[in-house]
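Visitor: Based on the hints, put chain B in the right spot on chain A.
Same order as they appear, the protein sequences are chains A and B.
For what it's worth, this note's numbering labels the leading residue of the first sequence as 48, then goes sequentially.
For what it's worth, this note's numbering labels the leading residue of the second sequence as 48, then goes sequentially.
Among the clues, some could well be false.
Because identical chains share one entry, a pair is satisfied inside a single copy or across any pair of copies.
What the hints assert, rightly or not - Below are the BS3-like pairs computed for lysine-lysine, each with C-alpha atoms no more than 27 angstroms apart in a straight line: (1) K197 / K185; (2) K313 / K482; (3) K419 / K88; (4) K266 / K482; (5) K420 / K379; (6) K225 / K420; (7) K342 / K278; (8) K197 / K482; (9) K197 / K311; (10) K482 / K311.
Worth flagging that the hints you see were computed from the coordinates, not collected in a lab.
For clarity, every value in this text was computed on a predicted model and none was experimentally measured.
Number of protein chains: 2
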Amino acid sequence: MIIKSLLTESNPFNSTVDIKSWIEQRNREVEVEVEQIPFEKMKMWHSESDGSIRHDSGRFFSIVGIDVRTDIDSMQHWRQPIILQPEVGYLGILTKEIDGVLYCLMQAKIEPGNVNCVQISPTLQATKSNYSCVHSGKAPNYLGYFVNAKPENIILDQLQSEQGARFMRKRNRNIIIKVDEDVPVLEDFHWMTLGQIKELMHCDNLVNMDTRTVLSGLKISDYITPLDGLKSMSEFGRSMILSSVTNYSHISTRDHLSWLTNLKAKYDLFVNFCPVNDMPGWKKTDREIVRDDEKYFKIIGVNVTISNREVASWCQPLVQPMQNGLCAFIIKKINGIYHFLVQAKLECGNFDVMELAPTVQCLTGNAENSAKKPEFYDYVMNAPKERIIIDALQSEEGGRFYHEQNRNMLVEADDNFPLELPERYTWMSLRQIYKFLRFNNYLNIQARSIISALNYK
Amino acid sequence: MIIKSLLTESNPFNSTVDIKSWIEQRNREVEVEVEQIPFEKMKMWHSESDGSIRHDSGRFFSIVGIDVRTDIDSMQHWRQPIILQPEVGYLGILTKEIDGVLYCLMQAKIEPGNVNCVQISPTLQATKSNYSCVHSGKAPNYLGYFVNAKPENIILDQLQSEQGARFMRKRNRNIIIKVDEDVPVLEDFHWMTLGQIKELMHCDNLVNMDTRTVLSGLKISDYITPLDGLKSMSEFGRSMILSSVTNYSHISTRDHLSWLTNLKAKYDLFVNFCPVNDMPGWKKTDREIVRDDEKYFKIIGVNVTISNREVASWCQPLVQPMQNGLCAFIIKKINGIYHFLVQAKLECGNFDVMELAPTVQCLTGNAENSAKKPEFYDYVMNAPKERIIIDALQSEEGGRFYHEQNRNMLVEADDNFPLELPERYTWMSLRQIYKFLRFNNYLNIQARSIISALNYK
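Just chain A, with the same shape it has in the complex (with noise of 0.2 angstroms):
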């Protein structure tokens, strides 16, 4: 059922390019209006004594300022700010079998830092403090089917992590619920079948990144019956199966487990509060909170009207990157299997110091100008037009971020590439990975990006 969701793109409610069409006539339809005001015009908002920015009740979330040790590649000492928001939130996907496919009730949601307003998103998005209805709008949609699930119609519940840079130990429960009564389809929803929105996700922006890291967690091979058979798969999606079921590893599960706990013992992370007035070579102005250099990325404050969302108009701090990002995964047959080039990664907002990252994952101006550029970074920039599998532009959610973009990347490596990888670095099969991302806290969300984008037809 699922297999054959994945496999099907005819979809007798919505054609592929229906969908398209209606993200398209959404787009038009909504008005969105995105200004960037002062901190101190920010109803609803306020600035501690210390520089940092919270929501009047208290929840929702805080730009706060962080003090960063680590003596990875060299002792490294630098405070930033931060998005704090300790509460998991729900990423629900609600699912129906129709004729023996499986469909996802999918939402167009326009968030106000999305590169296309409207994005396809899961059934339900919703904060602790959001459903708690701290942001004073109604309930939201959806919310009850995922709360009342029993364990029967609970097909994916993963506790998974948000941008490690950005976030301070922000995690998410990425879960997907099948229903087997008639659902209401509510405006602004459709229903998709898995095999459009990895099509979909060809496309530029047009899956946010809430979809992509919920259904990343589906180990497609789970699903294979010998009725669906192989046979309508691609050969890249069979060799994808096979990466799956395999025993075959070139590095054993007890290696790479020994290899994260020696780097996670040797690498020290101490993450302290700090002022946000207080971050030599950021200032906090009434408008911004940027680098003297202008580096990586800024805070600002929004006023957000939006014509169809639970509050039509309201204002909130917003992330801003100075740059686009590459995310890149380097894929290599080993003994005619599979193997993804894995990053262990550290980054200052992780729950538990490093996580598996794609093979490159950088911000690109940086990467450019950089005298020592990322490893493996130039061999995915200068991959030949064949061996790049996957290329396209994803949107950071657009919820905390404004206009965040990465190139996601899927790349084959050559015959040539070497086997032997620096101490950061080792190789897994989709079986392997599958293995890690189903615990909380292993894949990133940057990884786990690409591995949902990952297309069997």
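Guide: Just chain B now, with coordinates in the frame of chain A:
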């Protein structure tokens, strides 16, 4: 080799009786003096203006205050002292195969807080401060074997948590290595089989916590070969092997993950540092940090003089409990397979909100006098003798805790024991427990202590 080691107690180097008398002899030989002294008399330690107690080097460990808010059971808010040691230490056992049997190089180690001064300890037990010589002693014995171990010589290598009610997010690297070369056996070290160590765990306070946590990660069933057979095992041992290898489980791992995700998302745990001098219900005198009602535990300062340690005499703070504790697993055969009754327990110092704990984990005095006794407490305390499989007093780590003991129990449920459980409890086969145990911060140290004592002989 491992399984032979497990089932072997005949040790050509040291019989179990010899080991016991060796420990007794060491206890007689060494002179250990632990004298409680005022905090300000502790050499190399000082109190900060907020009342926290720190080592002059800024490393090692500190006693700090934390402010805890959680909404589990009901809204709760309290402050307490806690041990802060934000670095990962080594707990390492060096092993070697001799005549087809695996031997562990164990140490008769003295710790100031041990109930029996000398306990059987891992080959290596070293904090990062320790082995980078902050403690101004010499480098720990055998450290090099662990630091330079090659992947193929590493049997097990995991980050595991310490006591969540006493340590702030503390973890250690639990590692077992197997060497091929001859290893010098230093004074205070002896070769022991796994079977011998397991046997000694059934004595009170003889095998230290660090040994128990390291060995808990060894999944015995991984090492059974057809040649070893199961025939030299006890019926209980064979049942445990069955529970470790079976695909059957009363509740699926997917459901366990969902259950835990739900609990971690549902309950908040906010922990912030606060001044030791500002903790309602607690007072700091010149000699202790203690509650007004003298409950739970207190912090004391001691001067330690020991004859065979790296440093012969030193001062340090210790945690002294006000009462003993109880840690008990209830097990029950469901469809012929042993399942453990596992609790998801929130503790303030947990790295990840909740960890999997024994069925009952509490302070005995508190439980007895409380209006509402912990779930299953009475069941365990009233278990008839023939249903008690393990029952021994085990010490917590004597380097931080003064005479802290927990009664470790394994109790088999009777036929009428209900399968339906309260929200925070579930059934797991041993196979499922080991699945979680491989990954960081799932099984708490109390649960691991009991798992390590499972005897297959």
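Visitor: State for each hint whether it applies.
Guide: Hint check:
When the C-alpha separation of K197 and K185 is checked against a cutoff of 27 angstroms, the pair qualifies only within one copy, where the shortest distance is 24 angstroms, while the shortest distance between copies is 58 angstroms. In this homomeric assembly, K313 and K482 come within 27 angstroms of each other (Cα to Cα) both inside a single copy, at 24 angstroms, and across copies, at 25 angstroms. Taking the closest pair of Cα atoms, K419 and K88 never come within 27 angstroms of each other, the shortest separation being 42 angstroms inside a single copy and 51 angstroms across copies. In the homo-oligomer, the alpha carbons of K266 and K482 lie at most 27 angstroms apart both inside one protomer (10 angstroms) and across protomers (18 angstroms), since each shortest distance falls under that limit.
Within a single copy, K420 and K379 get their C-alpha atoms as close as 22 angstroms, which meets the 27 angstroms cut-off; across copies the closest is 57 angstroms, which misses it. For the identical chains of this complex, K225 and K420 are neighbours neither inside a copy (45 angstroms) nor across copies (39 angstroms), given an alpha-carbon limit of 27 angstroms. Taking CA atoms no more than 27 angstroms apart as the test, K342 paired with K278 passes in neither setting, with 49 angstroms inside one copy and 67 angstroms between copies. In this assembly of identical chains, K197 and K482 lie within 27 angstroms of each other by CA distance both inside one copy and across copies; the values are 24 angstroms within and 24 angstroms between.
Taking the closest pair of Cα atoms, K197 and K311 come within 27 angstroms of each other only across two copies (17 angstroms); inside a single copy the shortest separation is 37 angstroms, beyond that limit. Both within a single protomer and between protomers do K482 and K311 lie at most 27 angstroms apart by alpha-carbon distance, with minima of 19 angstroms and 20 angstroms respectively.
Checked against the numbered hints above, the structure violates hints 3, 6 and 7; every other hint is satisfied.
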